[in-house]
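J.: Please work from the sequences and hints to get the whole structure.
Residue 55 in UniProt numbering sits at position 55 of the sequence shown; the count goes up by one each step and never skips.
These aren't lab readings, by the way, just hints derived from the structure by calculation. Please note that the accuracy of each hint is not assured.
Claimed, not checked - Straight-line distance between alpha carbons at most 20 Å, and here's what the computed EDC-like set of lysine to aspartate or glutamate pairs gives: (1) LYS358 with GLU387; (2) LYS307 with GLU346; (3) LYS118 with GLU108; (4) LYS360 with ASP200; (5) LYS258 with ASP232; (6) LYS258 with GLU224; (7) LYS317 with GLU368; (8) LYS347 with ASP205; (9) LYS339 with ASP195; (10) LYS358 with GLU375; (11) LYS358 with GLU370; (12) LYS358 with ASP190; (13) LYS317 with GLU301.
Note that the coordinates shown come from a computational prediction; the quantities given were computed from them, not determined experimentally.
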Amino acid sequence: MALTTRSATTAACSSCRQWVLRSFIASIGGTGAAPRHQRRTFAVSTTRWREEHALNDINTRFSSTPRVRLNDNDPTQRSTPAKSKGHEQVEEYEVTGEQLLEMQELEEAIANEQSQAKAQRRAERAAKKNSEDVEGSAATEQPEHVPWYLQVQSPLPPTESSVSARQRMPDLPSHPPSLLEPLLKQVSVDLGMDDLTLLDLRQLDPPPALGANLFMLIGTARSEKHLHVSADKLCRWLRSNHNLTPFADGLLGRQELKVKLRRRAKRARLMSAVGAKGTNDTELEEGIRTGWVCVNIGRIEGGELPKTEAEIEAESKIVGFGTRTIGCHVVVQLMTEEKRGELDLEKLWTGMLNRSRKAKEELFRKEEEEAAIAEEAQTTQNHEDAERKAVGDTVLFSPPHVGTRETHQEART
Numbered sequence: 001m002a003l004t005t006r007s008a009t010t011a012a013c014s015s016c017r018q019w020v021l022r023s024f025i026a027s028i029g030g031t032g033a034a035p036r037h038q039r040r041t042f043a044v045s046t047t048r049w050r051e052e053h054a055l056n057d058i059n060t061r062f063s064s065t066p067r068v069r070l071n072d073n074d075p076t077q078r079s080t081p082a083k084s085k086g087h088e089q090v091e092e093y094e095v096t097g098e099q100l101l102e103m104q105e106l107e108e109a110i111a112n113e114q115s116q117a118k119a120q121r122r123a124e125r126a127a128k129k130n131s132e133d134v135e136g137s138a139a140t141e142q143p144e145h146v147p148w149y150l151q152v153q154s155p156l157p158p159t160e161s162s163v164s165a166r167q168r169m170p171d172l173p174s175h176p177p178s179l180l181e182p183l184l185k186q187v188s189v190d191l192g193m194d195d196l197t198l199l200d201l202r203q204l205d206p207p208p209a210l211g212a213n214l215f216m217l218i219g220t221a222r223s224e225k226h227l228h229v230s231a232d233k234l235c236r237w238l239r240s241n242h243n244l245t246p247f248a249d250g251l252l253g254r255q256e257l258k259v260k261l262r263r264r265a266k267r268a269r270l271m272s273a274v275g276a277k278g279t280n281d282t283e284l285e286e287g288i289r290t291g292w293v294c295v296n297i298g299r300i301e302g303g304e305l306p307k308t309e310a311e312i313e314a315e316s317k318i319v320g321f322g323t324r325t326i327g328c329h330v331v332v333q334l335m336t337e338e339k340r341g342e343l344d345l346e347k348l349w350t351g352m353l354n355r356s357r358k359a360k361e362e363l364f365r366k367e368e369e370e371a372a373i374a375e376e377a378q379t380t381q382n383h384e385d386a387e388r389k390a391v392g393d394t395v396l397f398s399p400p401h402v403g404t405r406e407t408h409q410e411a412r413t
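T.: Set out below in structure tokens:
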């Protein structure tokens, strides 16, 4: 069977050839029904939409494309001729309004997820960059590649040990005597006394019995033997180097201690026959163990506080006999740790000094108040005298009135 040129051109496509073949078979009386292929509900075209296309473009394509519903019974609708052999046949499906809305919502959800993911990635990159900057700055301060034994450590604050704190010398007060500084070095360094305390009692009023302008140095000995040996060395040092005559109360001399120990041993032998034993109290009663030595150096030159104008004026009004003594007194109190805690001389003398200062301040305050009251009274008296004088100068005195005899009689009646 020969086909026309138009039919041959139309049969260039495979579908067209099948349609021509079926129509030919039907014309000769055969069955033109071809085996039906199972169709899917929606046929998707082979071309893929680009993801970067906007949703409006997709809607425009779907709205502009004609929706054709194929009919299986109509052979003219099952296949359409193609223009050229290289063209592909595109099968389209019908899309309703609800499906289009669902697609739009799906596209919007995908776009939102993508924007959120981009924002999250941007925030992560910014946080990572900040952390890298911080790590870089820390690395510049302390490089990581430096081993631990080469890293420079920050210096620790200086801490004072207990031994150095006990051996620390006290500070000198204002206007000290010349002997005070070498005395501190002798007691601390050479004699080995601990916990030195210097009390400035020059402002104590009335002055103590040890003397006016008093300096008191308190030190702790390590044992009873150390106490007596140190006190004896201190007295010898003052006599030989400074030509002073100190008096040590409670100091046991070398021969005196031997005599007392010999007497105690003899007494112990006598008491052992009876069955009695010696105790610490008996040692204290015998004077073998004192625990406290007071070295009174006496009066030395210097160490006086400068006096105020009020004190100089008050001293000028004092009338008496004798000469005024100058200088200051120094006393060294050497004790064992037990005896020092028992006596607590620092608290005793500090309390007396504070009470004396308060009483002196109260006295000065009262004197200032009295002086202010007296000055105010004097000022008031001066004003009154001036006013009285001014009034007396302006008063006019009238001459005395001489009455007659009749007026005197009338006055009597």
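J.: Each hint needs a verdict: does it hold in this structure or not?
T.: Verification of the supplied hints:
1. Of the supplied pair hints, the one linking LYS358 and GLU387 is violated, its CA atoms being roughly 43 Å apart against a limit of 20 Å.
2. Between LYS307 and GLU346 the alpha-carbon distance is near 26 Å, which puts this suggested pair outside the 20 Å criterion.
3. With a CA separation close to 15 Å, the supplied pair LYS118 and GLU108 stays within the 20 Å bound.
4. A distance of roughly 17 Å separates the Cα atoms of LYS360 and ASP200; the hinted pair therefore holds under the 20 Å criterion.
5. Taking the CA atoms of LYS258 and ASP232, the gap is near 15 Å; set against the 20 Å cutoff, the hint holds.
6. A threshold of 20 Å between alpha carbons decides the hint, and for LYS258 with GLU224 the separation of about 15 Å falls inside it, so the pair holds.
7. The suggested pairing of LYS317 with GLU368 holds, with an alpha-carbon distance near 19 Å, which does not exceed 20 Å.
8. Annotation: proposed proximity of LYS347 to ASP205 holds, straight-line Cα distance about 17 Å (limit 20 Å).
9. Between LYS339 and ASP195, the direct Cα distance comes to roughly 14 Å. Compliance with the 20 Å bound is thereby established for this hinted pair.
10. At most 20 Å may separate the alpha-carbon atoms for a hinted pair to count; LYS358 and GLU375 exceed this at roughly 25 Å.
11. For the given pair, LYS358 sits about 18 Å from GLU370 by alpha-carbon distance, which is consistent with the 20 Å threshold.
12. Restraint check for LYS358 and ASP190: the C-alpha separation of about 39 Å exceeds 20 Å, so the hint is violated.
13. With a CA separation close to 26 Å, the supplied pair LYS317 and GLU301 exceeds the 20 Å bound.
Hint compliance for this structure: hints 1, 2, 10, 12 and 13 are broken, all remaining hints hold.
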